[in-house]
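All chains should be modelled from the sequences, with the hints used to inform the complete structure.
There are 2 protein chains.
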Amino acid sequence: MSGRLFVVGTGPGNPEQTTPEALAAIEASHVFFGYGPYLDRLTLRPDQRRVASDNREELARAKDALHTAASGEKVCVVSGGDPGVFAMAAAVLEALEAGPPAWRQVDLTIVPGITAMLAVAARVGAPLGHDFCAISLSDNLKPWTVIESRLRAVAGAGLVIALYNPISKARPHQLGAAFAILREVLPWSTPVIFGRATGRSDEAISTMTLAEADPTRADMATCVIIGSPETRIVERDGLPPLVYSPRSIGRTP
Amino acid sequence: MSGRLFVVGTGPGNPEQTTPEALAAIEASHVFFGYGPYLDRLTLRPDQRRVASDNREELARAKDALHTAASGEKVCVVSGGDPGVFAMAAAVLEALEAGPPAWRQVDLTIVPGITAMLAVAARVGAPLGHDFCAISLSDNLKPWTVIESRLRAVAGAGLVIALYNPISKARPHQLGAAFAILREVLPWSTPVIFGRATGRSDEAISTMTLAEADPTRADMATCVIIGSPETRIVERDGLPPLVYSPRSIGRTP
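Just so you know, the sequences run in chain order A and B.
Numbering follows the UniProt record's numbering, in which position 112 of the first sequence is assigned residue number 112; successive positions increment by one, without gaps.
Numbering follows the UniProt record's numbering, in which position 64 of the second sequence is assigned residue number 64; successive positions increment by one, without gaps.
Among these hints, one or two may not hold up.
Simulated crosslink set (EDC-like; lysine to aspartate or glutamate; CA at most 20 angstroms straight-line) [to be verified]:
| id | chain 1 | residue 1 | chain 2 | residue 2 |
| --- | --- | --- | --- | --- |
| 1 | A | Lys74 | A | Glu27 |
| 2 | A | Lys63 | B | Glu235 |
| 3 | B | Lys63 | A | Glu235 |
| 4 | A | Lys74 | A | Asp107 |
| 5 | B | Lys63 | B | Glu97 |
| 6 | A | Lys169 | A | Glu235 |
Hints in this document: simulated from the structure, not taken from any laboratory.
Below, the structure is given as structure tokens:
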């Protein structure tokens, strides 16, 4: 007997940015696995059960969810943002590949969501308007030397960079180290955006240059976007500046 | 007198993936600018007017929209997917920066959407589960040499690659050339996903290896995802394979 497993992204935290598809998956599920603060955003019925776990326990959570679904339950694994971007979908697939054959037969649906960098970008203009990348600064799951060489490669190639997991209590130094590397490669006038808790009541968005970028402005809920050498800041009287990356390079617009 | 300008992303095409925020912006607008097929997806009231234009006329469309909003109208510029990813938000900002000062005072709201790569990724698993980038293959707006060097840099650095605008009638050769470059850098066993019209009635998703990747499978509505050397294919009896990029590299999971 095989149940159903949804892996759902609820978006950055503003309910207006959660898709009807995600809401329908939540409505159809009976057991919910996720990081507590993400589960707290859901409005559940009395017949819907939640199993909260810490945000460093993704693989164990994924196994529990697959096990529960394989036993016939309708299960929902909840991520903020998009589940496929530094979130639960990859953990579920890792567990599925390593687990018993029955887990591969679970009816699996992954429901995309608005990921943080898209929400932050929309708040300030169009910094991701040209080629860009998303890199996690967490070295829990990869060596710092790999992160360092990736930052050099993408900045040197002219891509805009969105940094996920820029900082945590256990990793206070990575973002400052990343800015130091990027200052070796990029003009110090390159725009940097700190986007925290976009669309939520405690939202804080700020734009500055790479020279000014101060890592202590970031926390776990922050997505940091670093422009390319082409990225521009447009000042406005009495309004916050806009930031965008032009669609064209090397040609007269 | 200054109106209002929304730049809205409706997602990949399935109405269930359009956010309430996008629907509210559409509801609040009176004049709609966009590529005809994107405007066709909207259900408009008799008092709402549409101005369709070709998909090679983004800058002219952006100017018209800003001009109309600055004259006091409530205007909506419509993109498929996310407006900040190879879409209208950057064109609006380019026009705004170069235009009359009044355009900077327009009340501007950019509404994010599910961009194609997230929707394609969700259909097959979690290929964007680790560091990744998004690159447009169109050389209408940048030299082909830049595209080539970016492909080499990001593939060499181990990022998963999502290719937007992989091919068009005017540009039939780029995707084949991109695969040829990537075959020099990546293992030929690297998974490649062709995701066409995700979530729409004519959806077509296929997974193969870089060795097998055939550029003629792509059209303008296709987003192509090329894995990193870490990306894995998980076979399932009687079900389509899953594809994911593990969260960790260089460490035993």
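If you test the structure against every hint from before, which numbers come out violated? Checked against the structure, the only hint that fails is number 6, while the rest are satisfied.
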